[in-house]
Amino acid sequence: MRLNCNEKIKLYCGVDPTAQSLHLGNLVPLMVLLHFYVKGHDVVTVIGGATGKVGDPSGRKTERDVMENDIRQNNIQSISEQLQRFFQNGLKYYTDRHDRRGIKPYGKYTPRNNYNWWKDIKMLDFLADFGKHIRVQSMLARDSVSSRLESQNSLGFNEFTYQILQAYDFYHLYKEENVSVQVGGNDQWGNITAGIDLINRLQPTQKKGVPFGVTVPLLTTATGEKFGKSAGNAVFIDPSINTAYDVYQFFFNTLDADVSKFLKIFTFSSSNEIDSVMEMHIKSPNLRHGQTLLAKEVTDMLYGVGSGTDSETLSNVIFGHYDGTLSAARLKDLCYKAKILQHADKKDNLVKLIAKLGDCSISEAKRKLSQGSIYLHHSRIKVKEDVAEWGPYLIDDQVLILRIGKQKCFIIEMH
Numbered sequence: 035m036r037l038n039c040n041e042k043i044k045l046y047c048g049v050d051p052t053a054q055s056l057h058l059g060n061l062v063p064l065m066v067l068l069h070f071y072v073k074g075h076d077v078v079t080v081i082g083g084a085t086g087k088v089g090d091p092s093g094r095k096t097e098r099d100v101m102e103n104d105i106r107q108n109n110i111q112s113i114s115e116q117l118q119r120f121f122q123n124g125l126k127y128y129t130d131r132h133d134r135r136g137i138k139p140y141g142k143y144t145p146r147n148n149y150n151w152w153k154d155i156k157m158l159d160f161l162a163d164f165g166k167h168i169r170v171q172s173m174l175a176r177d178s179v180s181s182r183l184e185s186q187n188s189l190g191f192n193e194f195t196y197q198i199l200q201a202y203d204f205y206h207l208y209k210e211e212n213v214s215v216q217v218g219g220n221d222q223w224g225n226i227t228a229g230i231d232l233i234n235r236l237q238p239t240q241k242k243g244v245p246f247g248v249t250v251p252l253l254t255t256a257t258g259e260k261f262g263k264s265a266g267n268a269v270f271i272d273p274s275i276n277t278a279y280d281v282y283q284f285f286f287n288t289l290d291a292d293v294s295k296f297l298k299i300f301t302f303s304s305s306n307e308i309d310s311v312m313e314m315h316i317k318s319p320n321l322r323h324g325q326t327l328l329a330k331e332v333t334d335m336l337y338g339v340g341s342g343t344d345s346e347t348l349s350n351v352i353f354g355h356y357d358g359t360l361s362a363a364r365l366k367d368l369c370y371k372a373k374i375l376q377h378a379d380k381k382d383n384l385v386k387l388i389a390k391l392g393d394c395s396i397s398e399a400k401r402k403l404s405q406g407s408i409y410l411h412h413s414r415i416k417v418k419e420d421v422a423e424w425g426p427y428l429i430d431d432q433v434l435i436l437r438i439g440k441q442k443c444f445i446i447e448m449h
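Counting from 35, one number per residue, gives the positions in the sequence shown under my numbering.
Certain hints may be false.
[Stated by the list, open to error] Derived BS3-like pairs (lysine-lysine); straight-line CA-CA distance at most 27 Å:
| no. | residue 1 | residue 2 |
| --- | --- | --- |
| 1 | K442 | K402 |
| 2 | K242 | K73 |
| 3 | K209 | K87 |
| 4 | K209 | K260 |
| 5 | K386 | K440 |
| 6 | K371 | K390 |
| 7 | K87 | K42 |
| 8 | K402 | K371 |
| 9 | K260 | K298 |
| 10 | K371 | K126 |
Simulated from the structure, these hints should not be mistaken for lab results.
All figures in this text were calculated on a predicted structure; none of them were measured in a lab.
Can you build the whole structure from these sequences, using the hints too?
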């Protein structure tokens, strides 16, 4: 597919409401849409209010569990909000950080739910109008079907016909909204080509242009590990599940071997910028230049510009790089957004606080204290008796930073 400089196209990507939240794996095809969107092309997302009832067999060895309708509707609402936020925050992130030429106007984003057109289609009418254009041989040959038929796991008629539903979605959008490109993961190749085939059989392409499909690789680490719900390691982007700080920490802890790859997938950083930061990273890997850029860029894109810097600031406080310049109010605000702010009474003694937050007994708390495993405001405390006065360790007489060992750090508002 080649585009002229002034040629404008319309692309779409679909997602079924199989969970409350999108995850990082879902973002890979959505990033393709975002790149086109900020360059002036129109994009459409389709939530599978109809197809989600049926279940997509692509990439699955077993049939999906049946989902209650009220749960599905809640998922649809939640994912709709996430998609709206993704393109809204993504555009702000791009214009703030990477739009050096000030290219305008940007594209138009349109959300759709395929239930809105499927609810009015009657089965007999659909079979009469479209059934003769759908070839069973082609359906059986697609990987999503053939792999299940060759295994010991059965394939229901609902999953077998899923590709027809997705094919019709593409046809409907092509015919009614001039959408000519469908984007999806490479496990969607069969479903996408089914749509292209149906369009070519039913709709002359001379007036609307040739339909195309674009697939992207499934998200994996350098070790080959997949990201997703079925793999059990999905990183969800719903703020009620993962805060900006959670996502920042995930990317900050990216393996060295994955940093360059993830920068290319999840950010708008140029090749030169990525090469430059990776050179710095190779020279001083302990400083984690690559991971820091990756974490800040993705967090800003998903949660709003400034979220990355806020998360970096909080991370520095927690992991021992606090320079003492933050006010208690600012620190409390950062912790509140990250959902990690603890509360305690100034009347509580240190041993009691260690036992409560460290989830240990009083005797174990005393042992940790006597062994020098406790830090207050990053100052090591090693005393036989309890701390008698909080004042010297509080920020603005309000906030205490308590570290238990090397791994546990708590930021506490003292009342």
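Practice problem: Mind listing which of the numbered hints don't hold for this structure, in increasing order? | Solution: Structure breaks hints 4, 7 and 8.
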